[in-house]
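Colleague: These are the residues of each chain, in order.
There are 4 protein chains.
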Amino acid sequence: MNIEQYKLNEYNQSALKDHQRKFDFIAADIKSIEAILQKLINFQVAIPSWALGTGGTRFARFAGGGEPRSLEEKIEDIGLLHALNKSSGAISLHIPWDIPENAAHIKTLAAQHGLKFDAMNSNTFQDQPGQQHSYKFGSMQHVNKAIRKQAVEHNIEVIKYGVELGSKSLTVWLSDGSCFPGQLNFRKAFQNTLESLQEVYAALPGDWKIFVEYKAFEPNFYSTTVGDWGQSFLYANKLGNKAYTLVDLGHHLPNANIEQIVALLLMEGKLGGFHFNDSKYGDDDLTVGSIKPYQLFLIFNELVEGMDAKGMNHATGLGWMIDASHNVKDPLEDLLQSVEAIMITYAQALLVDRNKLNEAQNNNDVVTAQEILQQAFRTDVRALVAEARLRSGGALNPLAVYRSEKVRDNLIKERGSKTVATGL
Amino acid sequence: MNIEQYKLNEYNQSALKDHQRKFDFIAADIKSIEAILQKLINFQVAIPSWALGTGGTRFARFAGGGEPRSLEEKIEDIGLLHALNKSSGAISLHIPWDIPENAAHIKTLAAQHGLKFDAMNSNTFQDQPGQQHSYKFGSMQHVNKAIRKQAVEHNIEVIKYGVELGSKSLTVWLSDGSCFPGQLNFRKAFQNTLESLQEVYAALPGDWKIFVEYKAFEPNFYSTTVGDWGQSFLYANKLGNKAYTLVDLGHHLPNANIEQIVALLLMEGKLGGFHFNDSKYGDDDLTVGSIKPYQLFLIFNELVEGMDAKGMNHATGLGWMIDASHNVKDPLEDLLQSVEAIMITYAQALLVDRNKLNEAQNNNDVVTAQEILQQAFRTDVRALVAEARLRSGGALNPLAVYRSEKVRDNLIKERGSKTVATGL
Amino acid sequence: MNIEQYKLNEYNQSALKDHQRKFDFIAADIKSIEAILQKLINFQVAIPSWALGTGGTRFARFAGGGEPRSLEEKIEDIGLLHALNKSSGAISLHIPWDIPENAAHIKTLAAQHGLKFDAMNSNTFQDQPGQQHSYKFGSMQHVNKAIRKQAVEHNIEVIKYGVELGSKSLTVWLSDGSCFPGQLNFRKAFQNTLESLQEVYAALPGDWKIFVEYKAFEPNFYSTTVGDWGQSFLYANKLGNKAYTLVDLGHHLPNANIEQIVALLLMEGKLGGFHFNDSKYGDDDLTVGSIKPYQLFLIFNELVEGMDAKGMNHATGLGWMIDASHNVKDPLEDLLQSVEAIMITYAQALLVDRNKLNEAQNNNDVVTAQEILQQAFRTDVRALVAEARLRSGGALNPLAVYRSEKVRDNLIKERGSKTVATGL
Amino acid sequence: MNIEQYKLNEYNQSALKDHQRKFDFIAADIKSIEAILQKLINFQVAIPSWALGTGGTRFARFAGGGEPRSLEEKIEDIGLLHALNKSSGAISLHIPWDIPENAAHIKTLAAQHGLKFDAMNSNTFQDQPGQQHSYKFGSMQHVNKAIRKQAVEHNIEVIKYGVELGSKSLTVWLSDGSCFPGQLNFRKAFQNTLESLQEVYAALPGDWKIFVEYKAFEPNFYSTTVGDWGQSFLYANKLGNKAYTLVDLGHHLPNANIEQIVALLLMEGKLGGFHFNDSKYGDDDLTVGSIKPYQLFLIFNELVEGMDAKGMNHATGLGWMIDASHNVKDPLEDLLQSVEAIMITYAQALLVDRNKLNEAQNNNDVVTAQEILQQAFRTDVRALVAEARLRSGGALNPLAVYRSEKVRDNLIKERGSKTVATGL
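As you go down the protein sequences, you meet chains H, E, V and U in turn.
First residue of the first sequence? That's 1 in UniProt numbering, and the numbers climb one at a time after it.
First residue of the second sequence? That's 1 in UniProt numbering, and the numbers climb one at a time after it.
First residue of the third sequence? That's 1 in UniProt numbering, and the numbers climb one at a time after it.
First residue of the fourth sequence? That's 1 in UniProt numbering, and the numbers climb one at a time after it.
Think of the hints as simulated: they come from the structure by calculation, not from any bench.
Incorrect hints may appear among the rest.
The list treats identical chains as interchangeable, and a pair is accepted whether it falls inside one copy or across any two copies.
[Said to hold, decoys possible] Below are the DSS-like pairs computed for lysine-lysine, each with C-alpha atoms no more than 27 Å apart in a straight line: (1) K149 with K238; (2) K17 with K242; (3) K145 with K356; (4) K22 with K160; (5) K39 with K310.
Using the sequences and the hints given, assemble the complete structure.
Modeller: Structure below.
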């Protein structure tokens, strides 16, 4: 399914007048409007290949239709998103769900859609058919060296696929942990995991990064062997300067101050990547910005502040990815909403008057500091984001175009109503 | 797989001397020892038919082997548990996973194992093959009357199966709710659900109860339409005097005081049943007593106090069921551990000196009140529970016998290593 | 301290042009602009008399200066707020902190500032000098009838003061509960509390309401005798149709879905009043909207929907109060920020397109339902709120005027830098 | 108030027979009984000087009577506890609440009671009368260098007092943080705090340790500048090898796995000290073991395992302190209950069969691993703890003696009923 550029232009044309009025209104109040627009244009969020099908829970999955049946169709889907919003110009692959049988072909296809290959993802939280050893009791933490070795080798294989595709980073999410007190010796589990990660690290190309993702709980329900940012940081520090922590918004205990974690990891030069989603209870994997948009803003506020303080490029300094599950929505619509929420929030964070904020902080003027953040957050920046999209050749209103073009219906016609994409 | 009585006797004989020493020690300190033993003997916990296979999470399932392939084999498994611990004399069936094709045959089989049929469970949280309407957006709450009707009819069908088997209650757990703000009109969802429950209630035989289970979240991640005890209580009150609230330990928000909820529901005459399990983070469905044994004791303390105050029979006044998932343990071993934890805790609650506790409470003697509870909880009552088992013809040490008899190996030989029991 | 109207007009004049541009922009997109403005003008939030001084924690209090030394000065402070924002036209008194020695005088003074007397608040969570019985072990729940009686009589006295001032409601917040397992018999504590509340209820004038506030924990750390909405609802139902539940945003367990609670209480006709504040961890009592503004929006969304469904007047149908603590900010500035956040959120909730939302809900179009809510929330409505203020004779920018006029400095000059207002 | 040894002996004599029966029963099952008893005898828990008076909340404090009016009387109180349980042989002082005007005298007095001086505690979370700068906006994190300097100097002064008394460690608990988003620049707050700590560290005697305590929230309600173990670990690592992390059980987010944190800090050689208490919701500061005794056991299980793996002496390897608040109990009774809970739990942890546990872990035998831990936890070890006390010259039942001797009544007679100990 493809939406041709002239079509997009037609849609944009019909919405242009209203957009222009809104853009002019907001632009009038912003000094560095062009610089901000350029940053918005540059910012790209990677789409995970496993997010294109309907997600599920341990209780049930209610599949939609027209899900991609192959890596090629996944790339097509992301290409469509990117054509619409011009902010989804990367794909994050998962092995073994997306093994590129013909890397050159896959690379070319992606390039045709303007897509790059962001972080590769390994999988040692499931057993694959024909796999020698089971990960029932963990992978890199396993008491059995042979099983750790299997997990290490899988990760090295993932790196190889990534090299072929031009990726530059590996995300390691381990579900390793325990369900019951006594099941694990925490220290030995940590040391086994460290040893395994070191072996993977040794196989990392010189220009690659490894992201060590942490998660507080699930699917293990008593302990997780990379359970919080402190543990991930310990691993990353012991591994070396190509190792970084990856923050997934849903992987924290209740009430955690994630923005502070982000600030401190940036301070230490150890923040590597980001998984966007939203949640109310646990790792709910909901649409970005759908539950706690102000928290997302506060996180972006720290990201912008911290990256600027380090002279990092916003677009390339960190790995930006979505990691959500789409249980009750059309996955592509859900992803459009998520990317929109990210762009809106990023734009708001760019509007924060940092000089005034510093001044308020230096005066312990808490009231003004709050006003400055709220001033940015309360600003309606949708026209800014739309303008950036317009200038990049995207749609003023991606979701409306998607619906008008009946994309899902077309995908179902093309692929069938019973297809199931690989993934969770 | 069956363990013959003479075998059990042999095992018991070899452990008897040590047991006798321990039992005599504890018995010396307990006045009403015989009454307590009788209560322990009488107390039976229903095993859910879906807990006999390996559980899983949304990420993976790591099946063991020898799982029951039919309802008959499930009854066999529970029969084995009951032969060992004499406290698992009931089974809680789930429709459509356990449709009894020949009810008379199933009833006879269960009776041979000394098992009764406890609460029936319906399923409107999954779509079954060939089902007309999908429950993707709920069942009893659904905006579409036809879908609500389908859910109602399913529940009425479950009641019919239950009547054939001699069950006397229906547990309704609804996963109904929403994943995103705006998805539902909370009021209409409540009213639709109430109307649906009323239709089921109307079909309830005169001597039946309906248990309305509540759950804070999962699989819906924004709202649940029977979300807490207050909501369940509202439904139960509006339905009538055959309707009760069912408490599942894992279905609460963090830090909830479950024992107080139990006490108030008993006070209002609206506590109907109980799902035992344990958890650290959410509905982790871990082995009973494996994470928060003192909380379990405090709950039993309220159950005993509240049931005594109402003159209720401990064994029959409420529906007692386990509802756990066995992801990393042999399900039968896990269930033995769960039942053992329940019996230990019940015994401890029976040891609480209620007169002294009342007195301490009346004097606001907080220190003594705490001492009284801790005195009971710190007492090692395992010999009491073992004695009750011995007198009932069970094993002094069920788990040791299970292992010595290599039950799992035998089940795998008999049923194969790749069987998958119906359930989650 | 008083800011004269001509001063306000001057400030407004200088900001008018910019305001007009913004108001015109937003007004262009809103159909029923006048109706919405009128609702904003009508909406009044009561200021609690204890929020005018610096708050504290159990660790420390860092007083500011110029705190009101008397009820008269408290009324002056609230009068100043109301002059600025025209949305704080009520005061919620606390006895014994604000006993009106001369009610007629106090009433006249309040009327001069355009203030009404909203809900009266009793205090049985502290011992007052000379008090006969201590509330160390509770008040209305107490095992000792004499102590319960003392608490009842205090509440009746509070009602009497309220009658003199023209108040029409009593808020009962009980800190009653327990710190340790065993300390209380939950059932008896409930029944004692109910009996006490019934005695207060009996003394309620015919046109009064009683609000039963609930709180999950603090200052008791094991149980609270009115611990959640379900318990409050039980009490309110047993008391009668003048009794209602009061929701304080900070009084819930982590992750609670407060908006659903609000919707169900409205459905049952038992929502009585509201305490606004914000929090990240517990009853943090932070500035309204400073932590979770979207949650506040979702709550207002339910309030508007539910009140409209019942034909209730937004301004008078429920009791609207702030209940926050000001530990690091000037209390008056903090209150200005809180009221502003409330007005902004109310305005956003008024913008929700209810017909379209209903339609999306009826179609299970989750994506569109989310878009509709986000459309309202992402709209910058500050100019709407400012316009309402302007039309009421308030300040376009209350906080800026407050600062320009150096109100705090003047209050310190007037009252001294070491004054401590009664309260927490 | 003093209880003479002959009195204790009399009490013990009357309880001896029953004790002997219980001790013999448990001793029969334990191989290394003498070694375990010796460890119990050696284990000492420091009592904080601020825990001898009635605690309070931000809402109220309900004082008891007979509270110590001076440091001398505090030492007397702890001496009494230690005479009774022989496990409270240390005191942890707080400056400025307990400034030793005459150190030699205080030292002698403590020695007479068999007490040592454990970690010293500084206070930069309150303003003291006459203090130049306020800590309203933090101390070591403060944007103003002069205020940071004041905090540093206070800590150096605390060290000096400690040196005079023979203490060997300083505990730094900072309430520093923020109440609102924007108030702080997290990075600068961290760096200011680090710089301040470095200045204190530089003043640390060669044989001293500094403990950096962390806390998730309260009294700041948005962020804490030493907020979790990861942050404390960062500071401790940057400071040097005399710096360690201190774990207070109540200072975590909901559901945190504290035992894993303890294990990892021990692994890294950075666990320094421990503050015992218990809690259900936040930093509730309840009696040790009163809410989650199994969690306490799991923590002790890690402590024993981890210290043994490092060859650390259980009694002296870490700083063991209670940090609780006594709002509704007699503080001395509460402390007796807390120490008893600690000793019981330590004894249970010593009973864990580590070889079998290792074996189970190596076999991924989760069921057996759980059984091993539960076997230890379910054992009634009270007679073990009592025997250790008996051999040390303490009371078989400290609380009973305390009550029989009417200690509180005597203290009230001696000190009055309106005394208020310094502290919170």
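Colleague: Hints first: check each against the structure and report whether it holds.
Modeller: Structure-based check of all given hints:
1. Taking the shortest Cα distances, K149 and K238 sit within 27 Å of each other inside one copy (19 Å), while across copies they are farther apart (34 Å).
2. Neither within a single protomer nor between protomers do K17 and K242 lie at most 27 Å apart by alpha-carbon distance, with minima of 48 Å and 55 Å respectively.
3. In this assembly of identical chains, the alpha carbons of K145 and K356 lie at most 27 Å apart only when taken from different copies (21 Å versus 56 Å within one copy).
4. Taking the shortest alpha-carbon separations for K22 and K160, neither the intra-copy value of 48 Å nor the inter-copy value of 56 Å comes in at or below 27 Å.
5. When the C-alpha separation of K39 and K310 is checked against a cutoff of 27 Å, the pair qualifies only within one copy, where the shortest distance is 17 Å, while the shortest distance between copies is 48 Å.
Checked against the numbered hints given earlier, this structure breaks hints 2 and 4; the rest are met.
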